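Whole structure, please, built from the sequences with the hints as guidance.
Chain residues, written in single-letter form:
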Amino acid sequence: MSDEIKTTALGRIGGAAAKAAAYAMMLLFTAMTLYPIFWLIMNSFKSTREFQVSQLAFPKEPTLSNYVEAWKMGDFGLLFPNSLIYTIGATVGIVFVSLLAGFAFAKIASRATKPIYNGFVIGILITAQSLMIPLFLEVNLLGIYNTRFAVLLVYIGTGLPIGVYLATEYIKAIPSALIESARIDGASFWRIFAKIIVPMSMPVAVTLSILNISNIWNEFALINILVSRTELKSLPLGIYKFSGSLSTDYGKQFAALTIGMVPMLLFYIVFRKQITRGVAAGAVKG
Amino acid sequence: MPNRNRLHGEEGRAYWSMVLPAFSIYLLVMAFPIVLSIVLSVSNYSGGKMFGGEPWGFAGLKSYARVFSDPLFWNALKNNFYIVLLSVFGQLPLGFIFAYIIYRRLVKWPGFWQGVLYVPNIISVIVVGLLWQTIFSPNGPIAEVMNDLARAGFQSRLEALFASVGGFNVDDGLVSKILDMAGPAALDWFSDPVPELKELILSYEGAPLSELIGDLCNLFVPRWSPEFLSKPNIAMLPVLFVILWMYTGMYLILFLANMQKIDSQVIEAARIDGASEGQVMRYVILPALSGTIVNSAILAISGSLSSFSLIFAMTGGGPSRVTEILSIYMYNNAFLGRPNLPLANAISLVMVVISFILIGLTKMAEKRYGGKEE
Numbered sequence: 001m002s003d004e005i006k007t008t009a010l011g012r013i014g015g016a017a018a019k020a021a022a023y024a025m026m027l028l029f030t031a032m033t034l035y036p037i038f039w040l041i042m043n044s045f046k047s048t049r050e051f052q053v054s055q056l057a058f059p060k061e062p063t064l065s066n067y068v069e070a071w072k073m074g075d076f077g078l079l080f081p082n083s084l085i086y087t088i089g090a091t092v093g094i095v096f097v098s099l100l101a102g103f104a105f106a107k108i109a110s111r112a113t114k115p116i117y118n119g120f121v122i123g124i125l126i127t128a129q130s131l132m133i134p135l136f137l138e139v140n141l142l143g144i145y146n147t148r149f150a151v152l153l154v155y156i157g158t159g160l161p162i163g164v165y166l167a168t169e170y171i172k173a174i175p176s177a178l179i180e181s182a183r184i185d186g187a188s189f190w191r192i193f194a195k196i197i198v199p200m201s202m203p204v205a206v207t208l209s210i211l212n213i214s215n216i217w218n219e220f221a222l223i224n225i226l227v228s229r230t231e232l233k234s235l236p237l238g239i240y241k242f243s244g245s246l247s248t249d250y251g252k253q254f255a256a257l258t259i260g261m262v263p264m265l266l267f268y269i270v271f272r273k274q275i276t277r278g279v280a281a282g283a284v285k286g
Numbered sequence: 001m002p003n004r005n006r007l008h009g010e011e012g013r014a015y016w017s018m019v020l021p022a023f024s025i026y027l028l029v030m031a032f033p034i035v036l037s038i039v040l041s042v043s044n045y046s047g048g049k050m051f052g053g054e055p056w057g058f059a060g061l062k063s064y065a066r067v068f069s070d071p072l073f074w075n076a077l078k079n080n081f082y083i084v085l086l087s088v089f090g091q092l093p094l095g096f097i098f099a100y101i102i103y104r105r106l107v108k109w110p111g112f113w114q115g116v117l118y119v120p121n122i123i124s125v126i127v128v129g130l131l132w133q134t135i136f137s138p139n140g141p142i143a144e145v146m147n148d149l150a151r152a153g154f155q156s157r158l159e160a161l162f163a164s165v166g167g168f169n170v171d172d173g174l175v176s177k178i179l180d181m182a183g184p185a186a187l188d189w190f191s192d193p194v195p196e197l198k199e200l201i202l203s204y205e206g207a208p209l210s211e212l213i214g215d216l217c218n219l220f221v222p223r224w225s226p227e228f229l230s231k232p233n234i235a236m237l238p239v240l241f242v243i244l245w246m247y248t249g250m251y252l253i254l255f256l257a258n259m260q261k262i263d264s265q266v267i268e269a270a271r272i273d274g275a276s277e278g279q280v281m282r283y284v285i286l287p288a289l290s291g292t293i294v295n296s297a298i299l300a301i302s303g304s305l306s307s308f309s310l311i312f313a314m315t316g317g318g319p320s321r322v323t324e325i326l327s328i329y330m331y332n333n334a335f336l337g338r339p340n341l342p343l344a345n346a347i348s349l350v351m352v353v354i355s356f357i358l359i360g361l362t363k364m365a366e367k368r369y370g371g372k373e374e
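Top to bottom, those sequences are chains A and B.
So for the first sequence, my numbering puts the first residue at 1; every next one is plus one.
So for the second sequence, my numbering puts the first residue at 1; every next one is plus one.
Don't read these hints as lab results, they were simulated from the structure.
Treat the hints with care, as some may be off.
Below are the DSBU-like pairs computed for lysine-lysine, each with C-alpha atoms no more than 35 angstroms apart in a straight line [claimed, not checked]:
#	chain 1	residue 1	chain 2	residue 2
1	B	Lys363	A	Lys241
2	B	Lys177	B	Lys261
3	A	Lys172	B	Lys108
4	B	Lys108	A	Lys19
5	B	Lys261	B	Lys49
6	B	Lys49	A	Lys172
7	B	Lys261	B	Lys198
8	A	Lys19	B	Lys261
9	A	Lys241	B	Lys367
10	A	Lys273	B	Lys261
11	B	Lys261	A	Lys195
12	A	Lys241	A	Lys60
13	A	Lys72	A	Lys195
14	A	Lys60	A	Lys72
This structure is a prediction, so every number in the text was calculated from the model and none was measured.
Structure, rendered in structure tokens:
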């Protein structure tokens, strides 16, 4: 499109230099990004012994035994379903509860909306990590330490500020006339929510889901203080077991790290466009 | 929609039944902990049952005094500050440049670069932390590459040396040249280096030269064992590097998304009028993104407050607590050694207050730049 603009020879040379520099920079950072990941996966197929002798070469005798042992030692058979439960449960919870509140805030006029809604927006910048200690004390006080319920509750609660914000702003843009005519036809607000708001809010529901799925799947700081029983732990807690004394058993550690990384990599490869869009939308109003 | 102040009947019931689930969860998870940390930070609560256990009561602002007089607190705050500086002066400009390169199509396959550079963001921070811990460790690939290079250098100098004397022609001159190359490492092995080494080398008579050279390398090339993460005065640098590695792609996405909202006709018009690529960046794109830049900076600060797991996995705050950030400093005060819960809650509240200052800044920024980028 801009080819005809660069008519002068000088412009063409400058453009070529800029392009070369741009490619060089992109290649450098792409290599820096991908190589450590590639290195990790490659070495996860070596025995710890082979790793200690040569870290940079391809595995001479690729083995899957690291994976078998890491899977057992990390109890990943237990943790995988837990991670799924937490991720799906909390994501569905966040999206549903946010859409509900968003509908009420956006389309049912009330004096209560302003203070409550502002309360949610303020929460966007309050990080739950800074509340780790009081949260830990609270779940103990309520007697829900070491329960899935506490994990889901905390995950939903921390996802709500951005969820309610995005849902409200989105639903505001749905024409009120639609809702009014449904009201005249005698539909209840709940019916309107189910029949009009939810179907029309699918784009923002997708954005919210995408944002939360990767956050919750990878979350460590909060679940670390909410559960201590293995049967309730999520994958990141299991992977963390491979630090410390196990960290020099490189083969198994790398297999564990790869197990922790691959599901999200696949998720990213499939939903890259949506993830990128979601991140941009979620961060617009920091 | 008619603007009524009070809701009646079905409308009111619908409103509250829709708002209350979100509102009550939010109060429970965000508001109540803040209140709890206010109460406990001015108490002498020492764990155990909160009601009906050991009595506890008001202790004044003692915990705050302790926090602010604790050098470890200031160290942690400083590290949070380093992370923010890194974001603002490292990740933001880099992210901007990447976004610009992709947006202006200076490279082909824009989707590919964007996709790749964002990858570290979606990997669990625990995985990233442990991965880089290994990479920076004395047994990691950095050490291996450096040691391989040092060995290769020494080996080629030895080969040249033997070639210059025409192969296995051992005399005192050759031996002392080898000892010069080895430097002080020779004294680790020999008390009287020249004759002893000469004797050693002569014992290789008849064997291939490469075997001798290999063994001399084993003997004299020092193995370098990097201490990136164990030296207190530099341990924060690898941590900062990994944060840069991990999150730059996020700023790329933010900038690119907002660049794509700029009317491309403005840019084309500027180019036709003879503006250079640099001028377009400076006078068209940068001003249009001022709001995004402010937002990103705010995001960077709140990101530094929320980070915990990466450093927890990579260094655990060590060595000797130099890489602690506020959240880890708080965690360690609550769970390590003799827990001090009032102190930990005071730290928690300090972090919340910083967040509120941030919110104030955002509001101010919005007034100034608001609307420009949306």
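**Asked** Of the hints given before, which are not true for this structure?
**Response** 1, 2, 3, 5, 6, 7, 9 and 13
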